[in-house]
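With these hints in hand, go ahead and build the complete structure from the sequences.
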Amino acid sequence: MTAVKVIDAKDFNYELLDSHSPFVIRGLVSDWPLVQASKQSDSACLDYLLSYYQGAPVVSFSGDGSAGNQFSYSNDLAELNFQKQSTTLDYLSDQLKKGLNKEQDITHYMGSTTLGYVLPDLSNDNNFEIPGVTPLQSAWIGNRTRVPAHYDIPDNLAFVCAGSRRFTLFPPEQLENLYIGPLDFTPAGQSISMVDINRPDYKRFPRYKIAEEQALIAELQPGDAIYIPSLWWHHVESLGDVNVLINYWWRETPSYLGLPQDALLHSILSVRDLPEHQKKHWQRIFNHYVFESKPESFDHISESQKSFLAPTDMSLARKLRALLLGNLNR
Amino acid sequence: MPEHAVLDNATHKDLKVNIQHQVKKGFDFHLSRVFPVEFSQIQSEYPIFFIKNKESNEYEAVCLFGFEEDENLFLSEEGWQASYIPLAVQRYPFLIGFKEKIEAGVPTQEAVVHVDMAHPSISNTEGQSVFLEGGGNSPLLERITSVLMTINQGYPSSKSFSQALSEFDLVESLKMNIQINEKASHSLDGLFTINEDKVRELDDTQLGVLHKAGYLQHIYMVLASTLNVNKLIRLKNK
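Going down the list, the sequences are from chains A and B. Okay, so the first sequence: first residue is 155 according to this note's numbering, each after it adds one. Okay, so the second sequence: first residue is 2 according to this note's numbering, each after it adds one.
Worth flagging that the hints you see were computed from the coordinates, not collected in a lab. This one's a predicted model, so the numbers in the text were calculated from it and none came from an experiment. Backbone N, C-alpha and C define an ideal beta-carbon position, used for all residues, glycine too. Do not rely on the hints blindly, as some may be mistaken.
Taking beta-carbon pairs under 10 Å as the criterion, some of the chain A residues facing chain B (in silico) [to be verified]:
#1 Ile284
#2 Ile307
#3 Gly343
#4 Asn483
#5 Arg484
25 Å max Cα-Cα, derived PhoX-like pairs, lysine-lysine [as the list claims (entries may be wrong)]:
#6 A:Lys434 <-> A:Lys448
#7 B:Lys160 <-> A:Lys238
#8 A:Lys434 <-> A:Lys473
#9 B:Lys25 <-> B:Lys239
#10 B:Lys160 <-> B:Lys199
#11 B:Lys102 <-> A:Lys238
Shown next as structure tokens:
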């Protein structure tokens, strides 16, 4: 395991966000009032949050802490090892305050919740401008919890606002060494690694040793930020009595494009179970049209006749979507 | 007893629906909810009245199929005896249910199609398939989905129409004694209608407000529709 590259806030520039490799920025948002409040005390931080709250119902996870505070599955994968409940931020805050300076056994966690929904106007006073993107801003609030390694599709800039937070990152190519659970039945939308990285069971998950060698670790304090590129695996452990994270997600690609995860499901439906020799051919075809597609591969077709082979603009996206919708309904 | 289930293409793989608009086939009711969006078709076939929802205290538009519980005079061996069937009847045996869905931490109510597995039209052998061979939506399901969506969108417009009627105090309890024939008569209890005199007394400003919202047209369609009571009497005397 090695440490994630760390830079100081004064050395940050926006081009670094195009680097496609993760890094930590110390003190990037130390001046946020939210961070200042948390440096004062955990209670002050919660009160600061509540001053923006207008009562929107939120979803909170709670577990008995038995799986090392990890939100995952029961041993036989039959169910999740925690409860989801609809609640209020006031209630969540009360629960967190009760646990201050105590051994906690019950975990409480409000995962990625649209910031403008749960804390309207908080971003007026706690904002980080990224030129050229309108990110989805989310809030994460809880006590000592762990979210198993998973990836997200957008690029991610996450700001730790309260509590320390340990990120363990794995490059995208560690997919097969992380023993990823079901695609559809997931704790919070994304498939997760079945490995408990704090106490890995190497007998059950021998290849995890390889992933572990490639892991990058970072521990962030309030005010620090981390850039997690699209599709990088990340395990997130919050270590304080009260932990608050604000994160920004954005996609570099236009929103009219389809979602790659839908293409994956469609390929499972249509390609995965073909005979091996046919699948090989399809692999070549997919490479030609998708993975290794270059504009010059289609120079033998006149511009006006390229249609699906021209770069996808909004009108082509609509045409493809309509065609697929029709074809899928059978 | 209805048996509502969330419709899905695995559990209900072979589900078929065999609609028969005949007596004792699941359509034996004497009234049905109607929505402003269909008033023009409704008023040419059925009398439109209102019932008062005891919970919300709001008036809900209904059309009449008969004079007593379970009496639907439009049912026959040859099917439904009218050129238009209200949306709330077309939807059978399907209905809308709501499921909580959490998107980016925001809980939302997602409308999902449910089916009443106890409805007499449910079959595994006769009628139209609900799903296509590969699990896609059949034309029947596509049509039903659109009916259910229209109904779902009809609730808020229904509500605002009803609120306007209350605001202008245009609703009155129906005082109508229906003479079916020389021997039998019916009084229609619990129904409300629009008071025509009160509509006539509205001033220009009030009329302007109602007209702009499209409610004036609704009001006249409701008033005109009441004549269809005569059609019900004819069907009853058949």
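Hints not upheld, ascending by number: 1, 2, 7 and 8
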